[in-house]
Structure formats: structure tokens, C-alpha cells
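Two chains, two frames, a set of hints: combine them into the complex.
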Amino acid sequence: MRESRSGRRLWPALAAPGTLWLLALFAVPFYAIAAVAFGYPDPIFRSPVPEWDPRYWDFTLFTEVVQRSLTGDLRPVFVRTLLFVGLALLLCFLIGYPVAYYLARYAGRRRGLLLALILAPWWINYITRMLAWLSLLQDDGYVNDALIALRIVPDPVRWLSGNPYTVVLALVYGYVPFFIVPLYATLDRIDSRLLDASRDLGVGGFRTFLHVTLPLSRSGLMTAAVVTALPMFGDYFTNTLVSGSPTTTMIGNQIEFYLLGGSRKEIGASLVLILSFMLMALMAYYLISSQRANRETS
Amino acid sequence: MTRRPLFLAALTWLYIVWSLVPVLIAIQFSFNDGRSRSTWQGFSFRWYWGDSGSVVSDPSLRLALSNTLQLALLTTLVATPLGVALALGLTRWRGRTSRAANGLMLLPLATPEIVMGSALYLVFTNLYTLIPLGRTAQLLGHVTFSVSYVVIIVRSRLHSIGAEYEAAARDLGATPMQALRTVLLPLLTPAVLAGALIVFASSMDDFVISAFLSTDASSVTVPIKLYSAVRTAPSPALNALATLLLLGSALALVLAWAVLRRRRGVAAGTDRAGGSALREMASIDV
Numbered sequence: 013m014r015e016s017r018s019g020r021r022l023w024p025a026l027a028a029p030g031t032l033w034l035l036a037l038f039a040v041p042f043y044a045i046a047a048v049a050f051g052y053p054d055p056i057f058r059s060p061v062p063e064w065d066p067r068y069w070d071f072t073l074f075t076e077v078v079q080r081s082l083t084g085d086l087r088p089v090f091v092r093t094l095l096f097v098g099l100a101l102l103l104c105f106l107i108g109y110p111v112a113y114y115l116a117r118y119a120g121r122r123r124g125l126l127l128a129l130i131l132a133p134w135w136i137n138y139i140t141r142m143l144a145w146l147s148l149l150q151d152d153g154y155v156n157d158a159l160i161a162l163r164i165v166p167d168p169v170r171w172l173s174g175n176p177y178t179v180v181l182a183l184v185y186g187y188v189p190f191f192i193v194p195l196y197a198t199l200d201r202i203d204s205r206l207l208d209a210s211r212d213l214g215v216g217g218f219r220t221f222l223h224v225t226l227p228l229s230r231s232g233l234m235t236a237a238v239v240t241a242l243p244m245f246g247d248y249f250t251n252t253l254v255s256g257s258p259t260t261t262m263i264g265n266q267i268e269f270y271l272l273g274g275s276r277k278e279i280g281a282s283l284v285l286i287l288s289f290m291l292m293a294l295m296a297y298y299l300i301s302s303q304r305a306n307r308e309t310s
Numbered sequence: 540m541t542r543r544p545l546f547l548a549a550l551t552w553l554y555i556v557w558s559l560v561p562v563l564i565a566i567q568f569s570f571n572d573g574r575s576r577s578t579w580q581g582f583s584f585r586w587y588w589g590d591s592g593s594v595v596s597d598p599s600l601r602l603a604l605s606n607t608l609q610l611a612l613l614t615t616l617v618a619t620p621l622g623v624a625l626a627l628g629l630t631r632w633r634g635r636t637s638r639a640a641n642g643l644m645l646l647p648l649a650t651p652e653i654v655m656g657s658a659l660y661l662v663f664t665n666l667y668t669l670i671p672l673g674r675t676a677q678l679l680g681h682v683t684f685s686v687s688y689v690v691i692i693v694r695s696r697l698h699s700i701g702a703e704y705e706a707a708a709r710d711l712g713a714t715p716m717q718a719l720r721t722v723l724l725p726l727l728t729p730a731v732l733a734g735a736l737i738v739f740a741s742s743m744d745d746f747v748i749s750a751f752l753s754t755d756a757s758s759v760t761v762p763i764k765l766y767s768a769v770r771t772a773p774s775p776a777l778n779a780l781a782t783l784l785l786l787g788s789a790l791a792l793v794l795a796w797a798v799l800r801r802r803r804g805v806a807a808g809t810d811r812a813g814g815s816a817l818r819e820m821a822s823i824d825v
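Top to bottom, those sequences are chains B and C. Residue numbers 13 to 310, in our numbering, belong to the letters of the first sequence in order. Residue numbers 540 to 825, in our numbering, belong to the letters of the second sequence in order.
Just so you know, not all the hints are guaranteed correct.
To be verified - Covered by chain C, according to a simulated footprint, are these stretches of chain B (three or more residues, beta-carbon under 8 Å): (1) 26-38; (2) 94-103; (3) 107-115; (4) 144-155; (5) 269-281.
What the hints assert, rightly or not - Cβ pair distances, simulated, as ranges: (6) A797/C / L159/B: 40 to 46 Å; (7) R800/C / Q303/B: 31 to 37 Å; (8) T578/C / L32/B: 51 to 57 Å; (9) L612/C / G217/B: 48 to 54 Å; (10) S599/C / D70/B: 42 to 48 Å; (11) L32/B / Q580/C: 33 to 39 Å; (12) V91/B / R800/C: 44 to 50 Å; (13) L32/B / M716/C: 18 to 24 Å.
Said to hold, decoys possible - Some chain C residues flagged as far from chain B (calculated, every beta-carbon gap over 10 Å): (14) P598; (15) P671; (16) H698; (17) I700; (18) L726; (19) V731.
By construction, these hints were calculated from the structure, which means they are not laboratory data. Note that the Cβ used here is the ideal one computed from N, Cα and C, for glycine as well.
Isolated chain C, as found in the complex (with noise of 0.2 Å):
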């Protein structure tokens, strides 16, 4: 190995200080003990738990937050059940109609967002008249671009695995689906864990579909508040309340790394769920 540029390495760890210190500021002044968002007033608590303004005090950051938290809970537990039976299926089962389902499986993850929310918001005030705007359309959102998530980590974790276990159990006289309850998923189970705790910060993030679902204040998530208060009424409550939402998703991303790191083999596939899925866009045969 030759020596180590030092222009490379400056550069590199200009950019890191570039992309995060900005966001820690943000986090320092959610503890200001003044209104403003640019001159330091000293340290406090007051716009987490004050009286007043504050994220506990607010009924509508206090909303927004509760939005959040129910909407990412219940995208988790329709997402996981749905993406791992997909990936199981879709793994196993073979043909040209599994191979028409991954397709259309891999498809949310290559759409831009916008594009998602524009279809979803035209079909429920269209065609799904019966779901109006609001938090179940929120909901039925966020597991449809979810599920893909849990299928791109469950099959990676199944592909790893391979199908000597089964092929063990079965020949030992278990039948398919006592194969797959008492063998397949206990060796699924860290993989699943990982793909649920992905759905959850995932879908507390999302800010494009909730917004294109979302109709009144009733329905507002924190970054719809982040997004539609910045400008209008900047408040230090504002940056307690994405601190709020960044403690709660690194909460999330640091539990499935950990859950993941336990199982060598896996890890590397789910940083970049994005990337590795356009990469397998590639292999698929046009």
C-alpha cells in the first residue's frame, strides 16, 4: 500500500464534518434556553417539557408525534408478515408468474416517491372512494412501499441459508409447512427483526406519501410539521421535535445493525437496500 494522500483524507473528513455538523447545531439548538434558532441563550430542557410551545405542551407537535409513532407501529406489523411470506414465496415457488411478482415487487423500490404518492393519492380520491384521505390511506401507503423492504433482507438472509435444512427436515418426514414453521423461520427470525426495525424508521421518516395521503391537521406526521412550520412559525420546538424523531430512528437502525451483526454474512446486504435492489433490477433477464 502506498502512503496515504493526505488531500484524499482532509477532503474526506471535510465532507463528514460538511454533512453532520450542520444537523448537530440543529440538535443544540433544540436545548436553547431562547426563542431563537441562532444565538445560544444557555441550556434547557424547556422546549421538550416547558409550559409553553414546547413538544409536550403543544397539543399539535404532541400530535404529530403520536401520528408517527402509530403509524410507523402499525406499518411494521402489517409490512413484516406480508414481506416475509413474499420473500418465502416468491424464493420457492417458481415460474413465470413468480417471476412477473418480483418484478412488480422490485418496481416501488426504482419509483420515485413522488411519483408513489401521486398514484396513491389519485387512486384513493378516485377509485378506493370508500378509504378516505388520512391516517388509513397514511397507513395502506407506507406498508405498500414497506413490504419490498422485508422481502430484499428476508430473501438475502434466505439465500445464505440454502435449502439443506429444509431438504433435511422434509426428508425426515416433515411436511413443507412444518419445515418451514420449525426449521426455515427460527433461522429467518434475526433477518426479520432487521427488516421490521428498517420498516419502522423508514416509515417515521417518510414525509412524501404521508404528505400526498394526509388531509387536515388530524393527520399530520413530524416531518409533514417540520416541513410545514419551518417557514411559517420557526420555533426551537421545531428542532426538539426532530431530535425527537432522529433519537427514535437511530434507535431503530442501531437495534436491527446489532441484530444483524449477530449473524455474520448478512449485514452487508441491508445498508443499502436501495442500491443492492437496482443492482439485482440488473440481473433480471428483460
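Only chain B is shown next, with the shape it has when bound in the complex (with noise of 0.2 Å):
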């Protein structure tokens, strides 16, 4: 299209008003954080003081956490929240898949029914689907009444005070909907000739899932996994509410105290930076590995 004068600045002006409130409002916070983190204490208050010329900045403090979160107290707290997302991730992945499956080969004709009942949990609030658990499992709930009718346990369970299972499933149930969607998304793509090509070899059913749609899904598993490991890593608030204990916290929870509760903002700070480095990891593996299969496939 041939472009006048005033075309070739209409666009760059309509452009801007969002592209700087986005600048304003998310990049310089984002170098808030680092200008907080690498800043110095007050002399006399000991509050921090942020330094905003990165030539002044000051590693130690933040050195100080990295060693912290690799070999002192907070230790703990990393590998607690590894082992949370990383178990929440597996349970995702045994849920889900059979689900975002069985909808995208099986669902027919009540598809459309399906996928806006798999869809619902994304449209309720994530507190109040929370809310819903917490009352569910009180000591005198419907669930301890269940397990105790059925005779599976002989005593209420305490599911609320410090449970690390009761997080693990508390995640699943808060974040599986984010999981199923892009997976059903890309199984729902592959050709189902090349299902029944592999059924017409003989191949059995079991062996054609390991060998043909296992490996066509992967891209949409890998999306479905940083979907969810993403919003998990920084989740605070699933722990307090079901848990708020000590013994189950995680990396969110110590940004909120040292954030929201303390003096000593500047820890808060090198945390969510060292939270952003170990996230901006796993999203750059996501994109060169999806960017490879693009490659591969076209």
C-alpha cells in the first residue's frame, strides 16, 4: 500500500500513548526492582534506599541472598517450591492429558458442552474457587465426613494447618484449567489419519499414543506446563490460605513478608529478581525449543 505523509505518522501516534504507559508502567518498575535490590542502607534510619545509577550499585546485599537461597536458610524454601510446582506440574499432566484427550478425539457431538464446563474455572475467581476447598475441608467438612463414613481414616484429617499435600492439590485444583486448554488446543490439530494409519500397521493402541501422539503433542504440552509452572512459582496466596504454615512456605510467600510485611524491602526485591531470572530461564528454553520445532516442521 502506497503510504502518505500522514499515514506514516498515524500509526506510530496511535501507537505511542500505550507503548509509553507501558514504559512508564512496567519497565521502569521493573528496573524499580533492581535499583531497590542493588541499593544501599540508609546510615541512620537502616531503611533502603533505592540507587538509580547503575553505576553505584551495590552487589553485596544481593550477593548475600543468592548465597542464602543456594546454601543457607532459604534453601528450604527454593527446593520446597520446586518440589511443589514440579509435583503440581506431574499431577497436571495426569489429570489433564486423558481430559484435554478424551475432548479433542472422543467429545463429538457434546463438545461444545464440555469444553465450556472445562472452560467455567477460568471465569471463577481463583480466591473464591479456594474459598470453596477451605470450607470443604474443615475438620467438620464434607470431605472428613466422607473419609470417616467410608471408613478410610479413623479421625478427622487436619487438612488446613501446614499439610504440604493439601497445597500440592490445592495448586493442581487452582491452576489444572490453565494446563488443559493449550493441550487440548494442540491435540486437537493432529491429524486423526495418522492415528488410524498407525492402527491399520497394527500398532496397538497404547504403543500408538507413546510413538505417534505423544510426540505430536509435545509443543502443546511444553506451552501447557510454562502456562502453569509460571503463575505457580509466584503463587502466595493458594499457601496462606490453605496452609499458612511455616512448614510449606515458598518463594512467593518470603517476597510478600519481606515486601509487603517487613523493613527489609531490599531482600524482597533481590528475591523476585532471582524469582524473574529463574522464570526468564524457562521461558527462553520455551521459546527457543518451540521456535526449533517451527523450524523443523516447516
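The following block contains the structure:
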């Protein structure tokens, strides 16, 4: 299309307000994390003073926090976060894959209804969904009533006082819808003739799944894992709601504690930076490998 | 097609029951006639508009509800025009700066809320100190995470419209601005409406950004109220509050779906703004 001079100016002018907004309220705030983490303590009040000029950044405190995370008192928090998120992802896979697979391959006429029901949790407020479980998991709630009636346990299970299994299950409950949807989108695109071909060649259902379906859904699995892992790593509210005990503290809880609770905001900022680096590495791995996959298929 | 595997069907329905029934029970107990959230004592609306402790009579619950609605409305009013303009600009404007701006627009979609919340909290307490934490800061934060949703939805519609209508208008002598106003914007209306409704719903549902930028009781929103009161002062009134929130966001999203449904071709993209955004990020040249 021929572009006149006014056209050349119109489009950047339209993009400018939104871009400036994001610069001022997304890019600059991100920089503020670094400025606080690499700042210095006020000589009199001992409160953290942010350093905006990178030439004067002081890394001693940040290195200290990294040390504590790798070998010191914060190490268990990091290990626990990785463990909880890893376990939750595994459960998301075990629950989410069959559901997404059924939806994509066999739902037939009921697909619209099923999809609506599976998407419903996206629209229901996260805190509301947790609140629902909080009353079910009370000592005298429906879950304990059912377990005792079925004689699975003799006494009520104390689900809500620092039980790590409750935290992992709550994370799964919270985020599994985000796992199912991108996976479904990928499984839906798989050409069913490939699966028929595999069966025609005499390969059993399970081996077809293992050697045809699973490899073909790799990109969807990666997207699903990233989409669920990113918010799980930063989650603190699930943990506070269903446990609230220091025995299940995750990175998010520590960040919330240092930033909103105490006066050591620079430690909170350092932890946010460490978490961001971890997640950026995850993201970079995802982007590079999905790009490679794109290139292979095209 | 082979026969339906019963095992998978059972698992899928079990999953749906597991994911939705707890919420239905929570809604049911908002209509409980007693104080309990686990023993049913008959049907009543007392926790909605009763004389004491209900959503209507408790000032703190009422304030949370009105804060949430105001915040969602203002966020929608600011984020929608910003996002529509940004989508138009980024789609038609070519060049290095445009690509950088596009990357900046996609980043909030891939940023965990706690990182964005911490960043906004630190910038408002250390740099933009003219804006105190509270409702204004919450509005600025909500707009920041909402703009990208609007861009993604409007842009997918822009791509399906193509450049032909606009080119035709230009050939007939319209200036770029006229072509935009008389041809492109009317075609974009359903996507703009859907974007606005999705922004409204996601602002109502947001917890983390609101919580990091709130100060005291004056800036409490419904999710914050639910979060802080559920352990300290549980009451079926909280369930009633949650039910009202659910009703609000369900209404907004059903409307958005209906608006998009009328135009074929765009509906698929919006259901998974997050996922498609990630996929879009995957296709950017690094």
C-alpha cells in the first residue's frame, strides 16, 4: 500500500500512548526492582535507599541473598518451591492429559458443552475457588465426613494446618484448567489419519499413543507446562489460604513477607529478581525449543 | 472413529465434577439460613440483604463491592482505547521501534503477577511517590496488565479483516484518518466490545496486583476481602460476596462471547489470550 506522510505519522502516533504507558508502568517498575535490590541501607535509619544510577549499584546484599538461597536458610524454601511446583505439574499432566485427549478425540456432539464446563473455572475467581475448598476441608467439613463414613480414616484429617499435600493439591486444583486448554488446542490439531495409519499397521492403542500422539503433542505440553508453571512459581495466596504455616513456605510467601510485611524490602526485591531470572531461563528455553520445533515442521 | 473409551469419558466427567461442585456448594451456602458454612439450615437471602452481617448491611463488604465495580469500570474505560490504538498502531506501523514496542506489549502477558505486583509496589513507594498506594495506584496497575489483552483480541480481528477495505477507502480518496474512522473502526466494534468486557472481568477477578497496591480498608476489593476474612471471620456473607463477584464476571464474559460469536473467525483466539500470546511470543524473531 502506498503510504502518505500523514499515514506514516498516524500509526506511530496511535501506538505511542500505549507504548509510553507500558514504559512508565511496566518497564520502569521492573527497573525499580533492580534499583531497590542493588541499593544501600540508609546510614542513620537503616532503611533501604534505592540506587537509580547503575554505576553505583552495590551487589553485596544481593549476593548475600543469593548465598542464603543456595546454601543458607532460604535454600529449603527454594527446594520446596521446586518440589511443590514439580509435583503439581506432574499431577496436572496426569489429570489434564486424559481430559484434553478425550475432549479432542472423542467428545463428538458434546464437545461444546464439555469445553464450556472445562473452561468455566477460568471465569470463576481464584480466591472463590479456594474459599470453596476451605469449607469442604474443615475438620468437620464434607471431605472428612465422607472419609470417616467410608472408614478410610478413623479421625478427621487436619488438612488446613501446614499439610504439604493440601498445598500441592490446591495448586493443582487452581491451575489445571490452564494446563488443559493449550494442550487441548494442540491435540485437536493432530490429524486423526496419522493415528488410523498407525493402527492399520497393527500398532496397539497404547504404543500408538506413546509413539505418535505423545510426540505430536510435545509443543502443546510445553506450552501447557509453561503457562501453569509461571503463575505457580509466583503463587503465595494458595499457600497462605490452605496452610498458612512456615513449614510449607514457598518463594512467593517470602517475597510477600519481605516486601509487604517487614522493613527489609531490599531482600524482597532481591528475591523477586532471583525468581525473575529463574522464570526468564524457563521462558527462554521454551521459546528456543518451540522455535526449533516450528522450523522443523515448516 | 473408534468406539468411545468409557474410562476416559468417566475420568473427564469426574474431573468436571471435581472442578465445579465445590464452587456450587460454596454458592449454595451463601443461601444458608444459619451461620454455618458446612451444615445446611434452610434457604434464605439473609446474607445478601439481611439486617445484620449481610453484604448490604455490612459497610466493609459493601465498600469492597463498590471498590471492585468502580475499579473494573475505570480500568475498562482507560485500557480499552489505549489497547485499541496500540493494536492499530502496531499492526500497521513497520520498523525496528514497532517491533520493540510489540515485545514490550507481550511481556506483561508472560510476567507472573507477583513480579508485576512487586515492581508496581516498589515504583509507587520509591519513585512515583506523588501517587500514594491505594485506589489510584490500583487503577494504574490494572490498566497496565489489561492493555495487552485488548491488543491481542483487537489484533486478531484486524488480521482477519485484512488491509483491503482500508485500501479501497484510500483509493476512493479518504485520508488515513478517515479510512480508520469510517471503515476500520466500525468493522472492529465487536472485538473492541469483547476486549472491554474481558478487561472488566479480569479486573474484577484480580487479587495480586490489587493486594500489593492497597493500603488500608479504603482500597479493599472483593478478592482482597475474601482472602483476608476467610480465615479470621468466616461467614456465609463471604460466600454471598463471592457469588455476586461470580455473577458479575460471568455476565461480562457471556456478553463478550455473544458479541464475538456473531462474527465468525475471531472467537477462537480470545478464550485463551494467555496461551495464544505465548504462542505468539514463540513466533517472534529472537
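- Query: Looking back at the hints listed earlier, which ones does the structure fail to meet?
  - Reply: The structure conflicts with hints 2 and 11, although it agrees with all the remaining ones.
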